[in-house]
Amino acid sequence: MTKISEDLMLSNHQAKTKETGSNILGKDDFLKILITQLQNQDPTSPMQDREFIAQMASFSSLEQMTNMNQTMQQFLTFQTEASLLQQSELIGKNVTYEIETVDAEGEKKIEEKEGVVKSVLFEKGSVMLEMSDGTKITSFQVIKITDPKK
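If you read the sequence shown in our numbering, its first letter stands for residue 25, the second for the next number, and so on.
To be clear, the hints were calculated from the coordinates, so they are not data collected in a lab.
Predicted model only: the values in this text are computed from it and were never measured.
Hints are not guaranteed to be accurate.
Stated by the list, open to error - Cβ-Cβ distance ranges computed for the label pairs, FRET-style: (1) 52 x 115: 40 to 50 Å; (2) 61 x 90: 16 to 26 Å; (3) 56 x 107: 39 to 49 Å; (4) 92 x 66: 29 to 39 Å; (5) 125 x 83: 50 to 60 Å.
No residue lacks a Cβ here, since even glycine has one placed at the ideal position from N, Cα and C.
Please model the complete structure; the sequences and the hints are all you need to start from.
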């Protein structure tokens, strides 16, 4: 007696498809849908030229947006790397920076502090300056830079 594999059962196949599928339609998916639509159109009422041109224009726009998104991601990565290198010039420099503190009454106030930049690091998506006392600040908090040798 031959036993049917459970892998061939419809319910198991659908579950596997859902696990590996993606909810995001890309340009390849759009092109597949368009080709399937063309193959299965009613021969007595074919797709109008205007509809086809509109769908091709949509496909072209989707491809351009995808390419632009990839270019922007590369640009942002480059900018982050450039910022890290640029901020590394502050290592060993004496900086004055503003930091927000909360006093005993719970009121926020901005204090000026001073310290030497020990290192520059990339943390949580931004470039941070680590001070010699361990405090981490952003370059936006820096209000004055001096050379400690002078």
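Hints and how they fare:
Here the CB-CB span from residue 52 to residue 115 is close to 46 Å, well matched to the stated 40 to 50 Å. Take residue 61 and residue 90: their Cβ atoms lie about 21 Å apart, and the range 16 to 26 Å holds. For the hinted restraint 39 to 49 Å between residue 56 and residue 107, the CB-CB distance of approximately 41 Å keeps it satisfied. A beta carbon spacing of about 36 Å between residue 92 and residue 66 agrees with the range 29 to 39 Å that was offered as a hint.
For residue 125 paired with residue 83, a C-beta distance near 55 Å keeps the hint of 50 to 60 Å intact.
The structure shown violates none of the earlier numbered hints.
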